[in-house]
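Student: Residues per chain, in single letters:
2 protein chains.
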Amino acid sequence: MKRLLGILILVLPAATVLAEEGMWTLDHFPTTQIQETYGVKIDDAWLARVQRATTRIEGGCTGSFVSPDGLVLTNSHCVVGCVSQISSAENNVEEEGFLAKNRSEEVQCESEQLSTLVETEDITAQVMDAIEGKGEVEANEIRKQTLTRLEQACEEASTGRSTGKLSCERVSLYNGGQYFLYKYKRYDDVRLVFFPEWPIAVFGGDPDNFNFPRYCLDMSFLRAYENGEPAKTPDYLTWRAEGAKEGELVFVSGHPGATERQLTVAELKTLRDVSLPHYLMRYAELRGRYIQYGKTGEEPYRIVHEPLLRTENGIKVRRNELRALLDDELFARKIAEENRLREAVAADPKLEARYGSAWDEIAAAEAAYLTFRDEYLFLEAAVAFNGSLFNYARSLVRAAEERQKPNEDRLREYTEAALPQLRQRTLANRPIYPDLEELRLSYSLDKLREYLGPDSPYVKKVLGQVSPDTLAHALVAGTRLGDAGYREKLWDGGLAAIGASQDPMILFARKIDPDARAYRKRYEDEVEAPEQQASERIAEARFAIEGTSNYPDATFTLRVSFGSVKGWEEKGEMVTPFTTVGGIFPRVTGDDPFRLPASWLEAKPRLDPDTRFNFVSTTDITGGNSGSPIIDRQGNLVGLAFDGNIHAIAGAYWFDESVNRTVSVHPAVMLEALEKVYKADHLIEELSAK
Amino acid sequence: MKRLLGILILVLPAATVLAEEGMWTLDHFPTTQIQETYGVKIDDAWLARVQRATTRIEGGCTGSFVSPDGLVLTNSHCVVGCVSQISSAENNVEEEGFLAKNRSEEVQCESEQLSTLVETEDITAQVMDAIEGKGEVEANEIRKQTLTRLEQACEEASTGRSTGKLSCERVSLYNGGQYFLYKYKRYDDVRLVFFPEWPIAVFGGDPDNFNFPRYCLDMSFLRAYENGEPAKTPDYLTWRAEGAKEGELVFVSGHPGATERQLTVAELKTLRDVSLPHYLMRYAELRGRYIQYGKTGEEPYRIVHEPLLRTENGIKVRRNELRALLDDELFARKIAEENRLREAVAADPKLEARYGSAWDEIAAAEAAYLTFRDEYLFLEAAVAFNGSLFNYARSLVRAAEERQKPNEDRLREYTEAALPQLRQRTLANRPIYPDLEELRLSYSLDKLREYLGPDSPYVKKVLGQVSPDTLAHALVAGTRLGDAGYREKLWDGGLAAIGASQDPMILFARKIDPDARAYRKRYEDEVEAPEQQASERIAEARFAIEGTSNYPDATFTLRVSFGSVKGWEEKGEMVTPFTTVGGIFPRVTGDDPFRLPASWLEAKPRLDPDTRFNFVSTTDITGGNSGSPIIDRQGNLVGLAFDGNIHAIAGAYWFDESVNRTVSVHPAVMLEALEKVYKADHLIEELSAK
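Going down the list, the protein sequences come from chains A and B. Each step along the first sequence adds one to the number in my numbering, with nothing skipped, and position 336 is 336. Each step along the second sequence adds one to the number in my numbering, with nothing skipped, and position 633 is 633.
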């Protein structure tokens with residue numbers, strides 16, 4: 001009782017950015033704050049070099065250039081998707097690891113791309129002018145059209161530049177408070193250079209994921225190529241082998257994917273009460289299906305490994321996000337913060353007239369959303385159609401239709417700016433495992449029926465008179481979409497080829513597309529449009545009252561965080577910030593996920609047990625920062641971020657400096673392993689190039 | 001925002017029992033209310049006859065006597081556990097159904113027992129006298145000892161009676177407001193008479209579970225035996241084949257298992273924020289493992305069927321319980337009710353001194369519980385050790401130890417009153433499927449590691465240096481506990497036999513028992529003791545303020561609900577209260593769970609499509625009422641309850657008469673099927689006996 005009432009009587013001091021909170025854009029970096037706290041001056045040259053040395057891995061990670069020849073350091077878990085594509089029963093690269101002895105042995109990751117930010121352009125004024133005075137639904141249309149047009153113009157203008165053609169991407173910061181074009185140099189030819197055996201890369205597996213102390217060699221190397229040659233990357237990071245000292249100021253540069261720190265209480269409540277519990281139930285079942293499937297043989301165990309890893313990671317993240325939102329005291333802080341802003345708005349009649357209703361409008365849109373959320377998710381977000389084969393079908397069907405339309409009128413993911421990436425991903429040659437596809441599709445069709453109910457017209461339309469198993473089998477066994485050549489024919493053949501195709505998965509995707517699109521339209525008009533307009537107004541209100549001293553929510557765009565190497569207190573005991581090589585061996589059981597590869601067992605006598613392995617820092621990161629370099633004040637590489645501790649997951653909603661930690665691989669263990677375990681002298685030499 | 005604040009500003013009218021709410025004890029039946037509402041006088045003779053005609057199925061259901069020779073009508077889903085025990089790959093009784101052509105063909109369900117309530121005795125005064133003035137931990141011990149002593153005395157006193165020896169059970173009503181001894185006539189020899197094919201019994205399976213319109217022939221017959229002969233049951237229910245009319249008053253007699261309508265807000269919050277989400281995540285994964293295992297062959301599909309059904313049912317129930325607790329408005333009603341009671345207590349200094357702190361004490365105990373809940377659940381509640389083989393080991397190890405102690409000092413489940421049932425269940429001969437046992441144990445050991453973390457001392461103690469898979473395989477492959485004869489030897493051999501056993505599962509159960517018992521002790525002292533004492537005081541406060549006009553929470557003891565045959569409004573449309581036989585055929589797909597058995601397809605031309613199939617009523621029931629007879633004012637059987645609609649699940653916390661419905665099998669379809677599908681003329685004849 002008391003605890004529940006606590007939600008409303010707890011009043012907190014005015015919002016202040018905690019000392020080391022923040023995923024900062026580079027044009028808005030808190031240099032003054034850092035100078036005051038640490039006595040360290042970060043100048044524009046430092047920021048510019050870090051920007052050019054950082055790259056985005058389009059699969060959802062970060063990397064950094066660590067040699068002048070396009071060598072990219074990132075995490076193994078960022079590369080495992082590529083590795084699973086070049087892996088087979090005969091050549092199990094995940095299990096055996098990979099080391100190209102020279103450049104000719106480097107293998108292309110067909111679906112992978114890298115993007116390095118070249119410059120940004122503020123287009124807030126253009127967007128706001130375009131939608132001025134429009135109703136929310138019309139504004140939503142115009143906003144998108146304007147952004148598509150500006151993207152296209154940006155790409156066309158860049159073709160003649162010295163940088164080469166740039167890819168231009170719309171970016172919304174502060175939930176619509178600002179609009180930018182981010183202009184990237186893109187590398188389409190990315191090759192695998194080094195991947196350690198998976199058991200040492202993710203030692204401890206799901207049980208240790210988000211935990212610390214930790215012992216993961218979660219490192220890999222890729223290389224960016226241009227015109228068939230290693231890319232020239234003069235702004236690379238040099239290594240400081242001894243790493244940073246305890247208490248030392250460090251930075252993380254990277255692409256945090258998404259945080260939700262500026263959501264309204266109504267939006268957080270939807271997450272807490274509906275979205276997160278539903279996600280967890282659905283994916284816990286999928287996890288169970290994957291695990292049991294993996295027990296049916298060596299090959300199933302191998303092929304299910306990577307999707308299982310992703311599923312377990314997603315569950316762990318969302319389980320702890322839910323736990324965070326169920327923490328009454330922290331939720332109370334959110335309510336108090338929102339109330340404070342609303343009261344400040346209400347205190348000024350001009351602000352109140354302009355912004356006062358925004359929060360209630362979002363709450364109303366959330367309530368509207370809940371009336372058709374399941375249909376939207378299962379049909380349009382394709383939660384009912386889990387698997388690569390349906391994804392191919394959807395992309396091919398829609399790309400053919402959308403390409404007929406003027407660029408401005410297309411769905412976002414089929415605009416000219418987005419198509420090259422989509423095409424590359426759709427046509428990349430990678431193995432398709434029919435059993436796994438059937439498992440995924442049957443499972444998700446079963447959830448469709450469970451969530452919408454057997455009497456839903458959509459369930460009847462999708463399943464007809466058959467079971468999820470039967471339909472999944474018919475579609476997977478009948479389709480030719482597993483063949484990259486066939487996909488290319490359909491892509492290039494456009495609407496005529498799609499219309500003529502009798503492929504069952506294509507026919508299936510076409511059958512459900514009108515309903516899916518209808519729910520998308522409804523979502524855009526009834527949820528996105530009012531929420532976008534209300535969010536823009538809340539952002540403006542925040543700027544009006546708090547100024548622009550804050551940082552925007554993460555949007556998978558370049559940010560730099562800062563903090564220091566530091567442990568934390570857990571259940572009354574201090575966790576020291578470093579682990580060492582000697583600590584891993586008592587943890588080894590011989591069974592997954594606490595198993596060492598043969599190379600490590602063999603090298604054990606040669607390894608220095610005092611070599612630092614993993615470490616933690618107070619830097620503020622989130623998913624998407626995987627593979628980020630940890631950088632010292634001189635701009636040297638002093639670590640490789642690969643995880644947060646368990647408290648970092650609540651960072652989706654708030655940053656708690658006392659316990660939120662980044663977990664990184666130490667440079668010492670990386671160099672020790674390259675030298676003594678993998679005998680990769682040529683890479684060590686490349687890393688040492690000046 | 002608005003919705004959230006709603007929790008606190010919503011003020012509700014004073015608590016009133018809704019017209020048809022309530023699971024009433026028979027000595028406290030609202031005859032006046034019924035007479036006023038329906039003009040029907042229910043007399044003591046009616047109640048006494050209904051009591052004797054109702055029986056409890058110890059597996060967790062209800063049944064009713066429907067002939068003078070011990071014939072019991074209940075649900076198929078209450079009998080499927082027994083059916084799965086007599087079923088095999090060669091003789092798939094679930095798939096084929098079962099019909100004993102005569103009494104010699106009736107097959108014993110070895111682990112099943114029936115109990116019919118003979119009388120009750122109020123022992124509140126004895127219990128309260130014994131604990132008067134004691135501290136909460138001491139009171140908790142003495143309370144249990146007193147109840148054990150009273151039970152034992154009751155059983156000893158009953159041996160000379162005309163009814164034969166009675167089984168005496170302690171019962172706490174109103175969460176400790178009253179204590180009773182319930183005295184049962186027990187039938188240990190229960191035999192299967194009729195079981196229709198599973199596909200028609202649970203037509204629609206999980207997708208239709210808790211839904212309506214519905215088409216399930218969820219009926220079976222058992223027979224109680226005494227001394228090898230059919231039991232004499234002169235108080236049986238006669239059938240009214242045409243059933244009850246729409247709007248007609250009906251009653252449900254049965255054993256609702258557990259409701260939580262009188263929990264405090266703090267306790268509901270633990271359910272909402274911790275217990276239910278964790279349960280759902282754990283069991284969703286188990287469900288996925290079961291489903292995928294069932295796809296590995298016909299025999300796995302068969303043997304996993306029954307545990308999968310139970311798991312899916314549990315998930316659906318708890319998912320909707322969670323949804324109910326996440327309904328802000330309904331939760332606000334709970335808060336308002338509690339506040340109203342607390343304010344009434346606070347208004348009277350004498351009441352305040354005696355009861356005022358009880359709610360905070362429960363909240364404090366809940367908070368304490370959450371600090372060790374995972375250890376308690378996984379170790380003592382054996383969530384880490386899923387499977388029959390560990391259950392056997394735990395029961396054998398503890399029974400041997402506990403039987404050494406004086407009856408009063410034993411754990412509740414090993415007292416003299418409880419031992420006969422435990423022994424029967426432990427020694428019953430039933431098939432053990434090693435693959436399934438391994439799946440369950442490996443899964444739950446994996447969850448142990450996930451929830452407690454790999455660094456937990458208990459995880460290290462349980463797993464040592466091996467994986468959940470390896471340990472589960474070693475234990476299941478090595479144990480002889482699947483052999484009922486071996487279990488009997490260990491049971492009868494007592495402590496010496498257990499001490500000498502080198503069976504790995506016995507050794508394993510012994511190894512973890514001290515830790516498990518320590519957490520039980522901690523739970524009893526830190527959670528149960530203060531909550532029990534506080535609950536008793538809240539119950540007293542409620543009696544003092546509201547009188548005893550309310551009904552107690554369900555406790556798997558005999559209750560009668562009343563209501564009427566009535567549809568409800570769902571999303572703006574009225575759901576009619578009856579379905580008919582003609583409605584099932586358009587729903588058939590040929591695939592599970594919408595598949596008809598051959599017998600029904602064959603009989604289709606002979607069936608009257610207008611025969612009523614399933615129907616709904618406003619009666620207030622919950623799990624444990626499965627198999628309950630629906631009875632009219634004359635005491636005739638007019639239906640067989642087997643489910644609630646989806647809104648009935650929220651009945652765990654509150655009853656909403658506008659939408660909460662009982663779902664029952666209509667007598668017309670039962671007789672139609674017995675005659676035209678199963679040609680069970682001898683049963684129809686027995687049912688018609690006067």
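Keep in mind the hints are simulated off the structure, nothing from the lab. A portion of the hints provided could be inaccurate.
Unchecked claim - Now the in silico label distances, taken between C-beta atoms and shown as ranges:
no.: 1; chain 1: A; residue 1: LEU422; chain 2: B; residue 2: HIS473; range: 41 to 47 Å
no.: 2; chain 1: A; residue 1: ASP455; chain 2: B; residue 2: GLU132; range: 54 to 60 Å
no.: 3; chain 1: A; residue 1: LEU370; chain 2: B; residue 2: PRO605; range: 57 to 63 Å
Claimed, not checked - In silico PhoX-like links for lysine-lysine, alpha-carbon gap of 25 Å or less:
no.: 4; chain 1: A; residue 1: LYS676; chain 2: A; residue 2: LYS604
no.: 5; chain 1: B; residue 1: LYS571; chain 2: A; residue 2: LYS521
no.: 6; chain 1: B; residue 1: LYS295; chain 2: A; residue 2: LYS460
no.: 7; chain 1: B; residue 1: LYS571; chain 2: A; residue 2: LYS460
no.: 8; chain 1: B; residue 1: LYS566; chain 2: A; residue 2: LYS571
no.: 9; chain 1: B; residue 1: LYS571; chain 2: A; residue 2: LYS316
Owing to the predicted nature of the structure, the values given are computational and were not obtained by experimental measurement. Cβ atoms here follow ideal geometry from the backbone N, Cα and C, with glycine treated the same way.
Student: List in ascending order the numbers of the hints, as given earlier, that are violated by the structure.
Tutor: 3, 8, 9
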